[in-house]
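Novice: Start from the sequences and build out the full structure, keeping to the hints where you can.
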Amino acid sequence: MQTQWHLSRRDMLRRSGCGFGLLALSDLLSAEISPSPTAEADRAAHPFAIRAPHHAARAKRVIFLYMPGGPSHVDLFDPKPRLIVDNGKPLPFPKPKLERAKTGNLLASPWKFSKHGESGTEVSELLPHTAACIDDICVIRSMLADNINHTGAALQMCTGEQAFSRPSMGSWLTYGLGTENQNLPGFVVVSPAAVFQGAQLWASSFLPSAFQGTLVRDLKNPIANLTDPSGNIERQRAKLDGLRQLNELHRRDRAIDGQLDARIASFELAFRMQRDAPEAFDISRESLETQKIYGVDDPVTDMFARQCLMARRLAERGVRYIQLFDAPANNAWDHHGGLREALPKRCKAVDQPIAALLTDLKSLGLLDETLVLWGGEFGRTPTAEGDNGREHHPFGFTMWMAGAGIRGGMVHGATDDFGWHSVRDIVHVHDLHATILHLMGFDHERLTYRYAGRDYRLTDVHGHVVHEILT
Amino acid sequence: MTGVTRNGLAFFLAFGCLAIGVESEIARADGENDTDFFEKRIRPIFVERCESCHSASKGKTNGGLALDTRDGWKKGGESGIPVVPGEPDKSLLIHAVRYDADGPQMPPKEAGGRLTASEIAAFTEWVIRGAPDSRTAVPRGHGMTPEEVRNWWSFQKIRAVSPPVEASSKWARTDLDRFILAALEQRKLSPSVPADKRTLLRRVTFDLTGLPPTLAEVEAFMNDSADDAFERVVNRLLDSPAYGQRWARHWLDVARYADYYDANPKTRTASCELTEAWRYRDWVVEAFNHDIPFDQFVQHQIAGDLLPSPTGEDVYPAGLIATTFLSNGVWDRGDADKEKIISDMADDNIDTVGKAFLGLTLGCARCHDHKFDPITTEDYYALAGIFYSSHILKDLGAKGAEYDMNRTPLVPKSIVARRKEQEEALKAAQAKLELLDQSQRYVDMAAGGTILVPIQFLSSPDSRGTIGPDGVVTVDGSSRQDSYTIKAIAPAGDEIRFVRLEALRDSQLPVQGPGRGVTGNFMINRFTLFVNMPESESAPTSVKWSSAKANWEQKGFVVAGSIDDKPQSGWSIGPYVGCDHVAVFEIAADMKIPSGALLTFIIDQNHADEMTLGKFRLSYTSVAPTNSISNVPERTELVAGCERLKVELSVPLPVAMAVEEGGMPGGLFPKIQDVPIHLRGSYARLGAVVPRRMPRVLAGDNQPAISSGSGRRELANWVASNDNPLTARVIVNRVWQWHFGEGLVRTPSNFGKMGELPTHPELLDWLTTKFMDEGWSLKNLHRRILFSATYQQTSQVPREMLPQDPENRWLGRFSSRRIEAEAIRDAMLFVSGQLNSIAGGPADDDFTSLRRSLYVQTARWDRSGYAMLFDAANPDSSTERRMVSTVAPQALLFLNHDFILSQARQLAQRLLAESPYDDVTRIQYAYQLLFGRFPRGEELEIARRIIITHNTEVEAGWTDFAHILLCSNEFVYLD
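Going line by line, the protein sequences match chains Z and C. Using the numbering used here, the letters of the first sequence map in sequence onto residues 1 to 471. Using the numbering used here, the letters of the second sequence map in sequence onto residues 472 to 1446.
Quick caveat, the hints were computed from the structure, so don't treat them as lab data. It is possible that part of the hints are untrue.
[What the hints assert, rightly or not] Partner residues aside, some chain C positions facing chain Z, computed with beta carbon under 10 Å:
#  : residue
1  : Pro736
2  : Val801
3  : Glu1057
4  : Ala1059
5  : Ser1287
6  : Phe1341
7  : Asp1342
8  : His1368
9  : Arg1407
10 : Asp1431
The beta carbon of each residue, even a glycine, is placed where N, CA and C say it ideally should be.
Specialist: So this is what it looks like as structure tokens:
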């Protein structure tokens, strides 16, 4: 995959050294690789032109519902009766070598769990709407990550590496696949508040910068520079025509023109984006009824409802990777204290919008080709921090997946009786990444990029596809 | 698919996988090594498709054949040796994967069936190449055999070479050209004619200064027909301050430079922000402008804090500032795992020093021996010891909190000492003033009023109070926690509105009081007053206080604490013991105390033993006691003194984020010391201790021990030495790349096995030798390169020439390219006349600033800015070269961002003002200003259409025209 993204037909001619004999062949190739024939200039201008993965993909796109701070697995998806029995007792095995706050005593979940759906998967009373969709969801209770701090753990979750700059998962996927809608960014991040680790979480790092996530901070004004301040579209069109004429004269004398063509095309694309992008992001075009189902305008759910509805509109329009941060403020799920009050509040804020998203995708027939992923950088300790909080906990926690290629209504893996260590069918973050790439059509060991003399990949030297959760 | 011939192969490969076909052909042309081919194309097939049945390490070798090692297939299996290098048709492996009849067909159906066409083709190509297999027989250790190490080109001493002698070298202007010409001719290629003068001037001006030439400069050069006209242009540009601003930016890419972490000035955390980074950037600009020899430039950045000041001062600011190279790195800033931060710092430093100076990816040996280069984990931790023995942070910070970076003063020690004296003097003067003021306030607040002479004093049984005739109560006996009860009768006369409690010094008390303990302090936790109305049997009324003031309150123990509901809070007077104090309690407005009423005061003192009052007096007033500060001469003098000192101290001492000797205090390795190998890179699993030293493969087995200091001095000297085979080659290659777009080695930060080989190894060594002979002067190196015919070639060659050297590796032309983010923005400001030339100092926060882009912030946490959109370096790690992406958001910014539109307006104004005559002249003026040339007829036509047809207003038409020119390809591409 390494060189495909920037090879225009002319590039290929130049680089192959084989002259024009290959011309017809390269046409054939571009047809094979991008089903809709695009002009060569467009191809160079669009790093996002569709490219074929290694094998047939189950999923066309990803929606990652990211809960920054680390949601508590033992209070949401991983019920532990033992915690009720042993509430207040010390942890019955050695404390981790690396502690943040001093490890407290076991703390039973203040919330009740009950079985839902045909599958009978247990879900906390805090998430009634998600529970109603549980037969579409595969709950992974045996997640494992390597870092106890937000920065390192969130970096690992989003890029595979804890300390150094690496391309994020969305960057890898848009690099590998391009995107379906050339008039929209391929990788969109929606985060109303600043996220702790910032742009590193959606950075392209050493991949070309075209593949970094486009951050939407202001839900009302999602993309920068999208409107001509003069508002005079005819005048702009006239300018663009003049510009193109001058650029074509300039190009005429120059033998190497791939980049020049690309830049000419980029202005035309920009013009089209001005037209299409605002519509794609504009949730007010949804019926009031739909908005209501997501929870728009209900002060409790409004923000995440808007994010989820935006995600659905973008998914429909072919955006490849959409990452939503539940971020009314920084690290909203980091419940060191105030667990009993704050966790229900966060759950209320996201539960209805998430369920609406799943249901909506399903009714539109999009869930079959959209992979939905929920979780944070880690879970929280089954022990107490203070008397009303839980510490960071990467050693065993829960994430869930739904949609394309995922077996719904199943629980995969388990933590020990206390919810501390993942003990059965452990899914490391690298395994999660390998599985996502697999669903998107990639062998995670072969989606590589040569940088500074080394072939890098999302999973570094790790990762196994978790076949058990796939249909 | 059988019988693939050599000629058909390229077709075949390309059909299967675009990348393969293209890559393999290039590989033939430029000597890209076979390792790459094997690692990328062949090894994955072995792993995925063969090793489930043919793997010695997995213990399954069907047919006796192992394919997981090189020795495995060389040894063969029951059917013989499967590969005959160079002979695909004689290789059983090829027949098997082709599924040829009458033989084994591999992989079998059970193992996934036939390989894809491209995989089969890759195998065939591999056999044709001679079946290179980079899997070593030795499973552990680094990835090169001793022989490979001995022969690896970049580890060889730099050779003395002479330029090839060319008979037909009319084209060649300099010795450099002879190398280029020889390599071209060897490949039956030819060089190109010189670029025209206008193009050349534009090229070299952007190249050396990042700005376009001015109109006057174009004219002067066009009219200068002397032989050395170009030479003089180059020298002029090298002498201009803009040269350093341009070339510093190249180095800052390599140095992973950032101005800040946080782009938002309002939320930056002072303790760990890179507030002083700009000093390093300015130092780099100066170093380029003054042509500091590059070896010294290197030494400064690794160990500048250890260099003596050239002027004999006891501090060497430039040296300290230069080490910001090490401290402006990438690691986590806060949170709990402090040890990991320290090890990440060492790793960042090793990685950056390795890539930037040595062109080696040393960082790869952190967890295991380097997979490809002869660098072991032992080498890594030998170097790590050097960085662990230095520190970048003043303080690691509390668990979960952020750290404090070193801020080392950049002034002589005497000034630092004087500064300290001044700070102490200020503190002393302020204390004196405070003392004076509080005693003055006492005098004011205790003046006037009426003394209440108690009629009774009660305390705990084992202490005793004496009531003097002046109302003063003296307490002795036990000094444990206590509550005093004092009764008095309200006298006739003034209304009681304010009650005063004076705490009085007494020579009989341990430190003269007013408290009874050895501290002299006291704490009044609650001060209450009950009133029994005269002649009344009803219960006493508790007086509500509306405020409380005192002449002096100890920090955190204010007098308001004695009238609130909290039993712990209260009034104390530290550190001013041994003098008199007063508190004034204001009675709420609705309370009237008639004369003759019985007053019962309760003074609760329950903070601790020894914190009870020894001597006090109660009084009252009807008006609020004043607390004016009278300006006695002593006070005036003190105030003036403080102000003077404050003014002097208000200018902070310049400081740098310098590295200092000694391990990180509070870390695992707090001293100057050797460190153990960290197994798999983890500080929690430590192996054997390794003495600090340089990598063996380069510095040899017998290195002198590092006997004093961290070893950074030794490291700096070794890196920047004429004997080091890498450092000089690496920088010469970088400079070449910055001039031509690509280096002679096209992986400028990797001269190891996974890097590319030099296209012109002799030229590289010749340039490097000259460079060192001339004292590592970069300006001389520029001249040597720029004066060559090679540099001055045209980029415009006939289209049919291109396929012969599509990537221009043999330099038979100049490669045209897009200018960088900074140059685009600077050029725009330059032609619009808006560029603000103020140099140096902290970066501006917003890109709409009018200063050069070098002075607009790069923030590690923000990738959304203008520069990143145009492929500026990612400051998270050393950047060897920039990519060029062309995406629609760039065009959107050009079309709609107010900054660009505003430059277009300014440019239009400038055109209207400076060329006031007819449209054609003005269009010509615009073309000269922006592109250094006159417009052609067609261009004039287009321009006139834009200006005239589309708009009725003159200014709007010209603004549109200016906007189009700024957006045009000619403006951002350099021929």
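Novice: Hint by hint, note whether the structure agrees.
Specialist: Evaluation of the provided hints:
Annotation: Pro736/C was flagged as interfacial toward chain Z, and the flag is violated, the nearest CB pair being 14 Å apart, outside 10 Å. Proximity of Val801/C to chain Z holds as hinted, the smallest CB-CB distance being about 7 Å (cut-off 10 Å). Nearest Cβ of chain Z to the Cβ of Glu1057/C: about 40 Å, over the 10 Å cut. The hint is violated. Checking Ala1059/C against chain Z: minimum C-beta separation of about 38 Å lies over 10 Å; hint violated.
The closest approach between the C-beta of Ser1287/C and any C-beta of chain Z is roughly 7 Å, which is under the 10 Å cut-off, so the hint is satisfied. Taking 10 Å as the C-beta cut-off, the interface hint given for Phe1341/C holds, the closest approach to chain Z being about 8 Å. With a cut of 10 Å, the hint placing Asp1342/C at the interface with chain Z holds, because the nearest CB-to-CB distance is about 6 Å. A hinted interface residue such as His1368/C counts as satisfied when its beta carbon comes closer than 10 Å to some beta carbon of chain Z; here the least separation is about 5 Å, so the hint holds.
Residue-level restraint check for Arg1407/C holds (minimum Cβ-Cβ distance to chain Z is 7 Å; threshold 10 Å). Restraint check, Asp1431/C versus chain Z: the minimum CB separation of about 5 Å is within 10 Å; hint holds.
Checked against the numbered hints given earlier, this structure breaks hints 1, 3, 4; the rest are met.
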